[in-house]
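Just need the whole structure built from these sequences, with the hints factored in.
Protein chains: 2
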Amino acid sequence: MTETTENKDLVQEDVQAETTEEEVAQAEVQEEVELSIEEQYEAKLAELQAKLDDEENRHLRLRADFDNMRRRNQLDREAAEKYRAQNLLSDLLPVLDNFERALQVETTSEEAASIIKGIEMVYRSLIEATEKEGLQVIKAEGEPFDPNVHQAVMQEQDSEKETGVVLRELQKGYILKDRVLRPTMVSVNE
Amino acid sequence: MTETTENKDLVQEDVQAETTEEEVAQAEVQEEVELSIEEQYEAKLAELQAKLDDEENRHLRLRADFDNMRRRNQLDREAAEKYRAQNLLSDLLPVLDNFERALQVETTSEEAASIIKGIEMVYRSLIEATEKEGLQVIKAEGEPFDPNVHQAVMQEQDSEKETGVVLRELQKGYILKDRVLRPTMVSVNE
Chain G
1 MTETTENKDL
11 VQEDVQAETT
21 EEEVAQAEVQ
31 EEVELSIEEQ
41 YEAKLAELQA
51 KLDDEENRHL
61 RLRADFDNMR
71 RRNQLDREAA
81 EKYRAQNLLS
91 DLLPVLDNFE
101 RALQVETTSE
111 EAASIIKGIE
121 MVYRSLIEAT
131 EKEGLQVIKA
141 EGEPFDPNVH
151 QAVMQEQDSE
161 KETGVVLREL
171 QKGYILKDRV
181 LRPTMVSVNE
Chain L
1 MTETTENKDL
11 VQEDVQAETT
21 EEEVAQAEVQ
31 EEVELSIEEQ
41 YEAKLAELQA
51 KLDDEENRHL
61 RLRADFDNMR
71 RRNQLDREAA
81 EKYRAQNLLS
91 DLLPVLDNFE
101 RALQVETTSE
111 EAASIIKGIE
121 MVYRSLIEAT
131 EKEGLQVIKA
141 EGEPFDPNVH
151 QAVMQEQDSE
161 KETGVVLREL
171 QKGYILKDRV
181 LRPTMVSVNE
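Protein sequences appear in the order of chains G and L.
Under full-length UniProt numbering, think of the first position of the first sequence as 1, with each following residue one higher.
Under full-length UniProt numbering, think of the first position of the second sequence as 1, with each following residue one higher.
Don't take each hint at face value.
Because identical chains share one entry, a pair is satisfied inside a single copy or across any pair of copies.
To be verified - Under the rule of at most 30 Å between Cα atoms (straight-line distance), these lysine-lysine pairs were calculated in the BS3-like manner:
hint, residue 1, residue 2
1, Lys-139, Lys-172
2, Lys-177, Lys-132
3, Lys-117, Lys-132
4, Lys-117, Lys-172
Keep in mind the hints are simulated off the structure, nothing from the lab.
Given the structure is predicted, the values throughout are model-derived calculations rather than measurements.
The structure is reproduced here in structure tokens:
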């Protein structure tokens, strides 16, 4: 072999070595690229999955809000329906008071008695209309005093009756279904 | 070379050939697998994206339903609130009729006149309570006949008044806010 040949061989060997290193590097890069494509996909998938989870949570919350609103509306509607006449009935209570007072006059003539009789029929039809909407007089006289529906404005003594019993009704009280519109003003036995 | 050696060589060649074919096939499979991993990822991504789109659409629809329900409830509540006293007021109309009739009696004694005066005050307070809830008497006499609020039950002739004008009110009519509870019964000029 000549020196040249020897050198060539050495160069050849070097080239050989370089090529091998290059190949190894390339393979590594290849692997890295392959990994990072997978990683990119996994990242995209994770991102989409997170969005999907968010969206599903958002949906569940909205669904819950929706159901709550529907339930609350139903209750509101029922309450509104149940007590719909409350304002008018409350305004009618003094009318009923005055009506009863006007009818309590003692009459001396037949004409006056006849008028009162006619007006009493009107009064009864008014009471019927209010009862139809759920208005009821609270029981008082002779009942045990009940702070939920009675308002004690004075105490009296009647030894023949039990302590804490309502002796007199001083002003009628009314409930609308289960709601007290006005408690009965009463005197209570000491 | 012996026959055996020759044969061995042949076999060797065959093995060589087989190996090459195998390698090619393997490379192809490798490529296929690589492609199908990408494809699998793309399919997964597409599937997730479709789910996400579905979920977003579902959310939008629910959101729209939610808003519609809220709007409808608001309108329902307003209508229920506006006409809340309608039933009671409708039941009070005959009471008002009878009340007015009872008050129209001619009185001959001072006692009777005084009773009527007291009852008239009750009547006015009843009317005030109904007006507060939105009840109003429909105008009739002298007005042009209006089929929306008037019910013609007879025709009369009055040459001094215009054709189609209400001559007499035979029964009072009432509206609750903008809703006719009972049209006025009238006679109309021919």
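Cross-check of the supplied hints:
| no. | hint | result |
| --- | --- | --- |
| 1 | Lys-139 with Lys-172 | within (9 Å within a copy, 37 Å between copies) |
| 2 | Lys-177 with Lys-132 | both (10 Å within a copy, 22 Å between copies) |
| 3 | Lys-117 with Lys-132 | both (23 Å within a copy, 29 Å between copies) |
| 4 | Lys-117 with Lys-172 | both (22 Å within a copy, 24 Å between copies) |
Against the hints set out earlier in the document, no violation occurs for any number.
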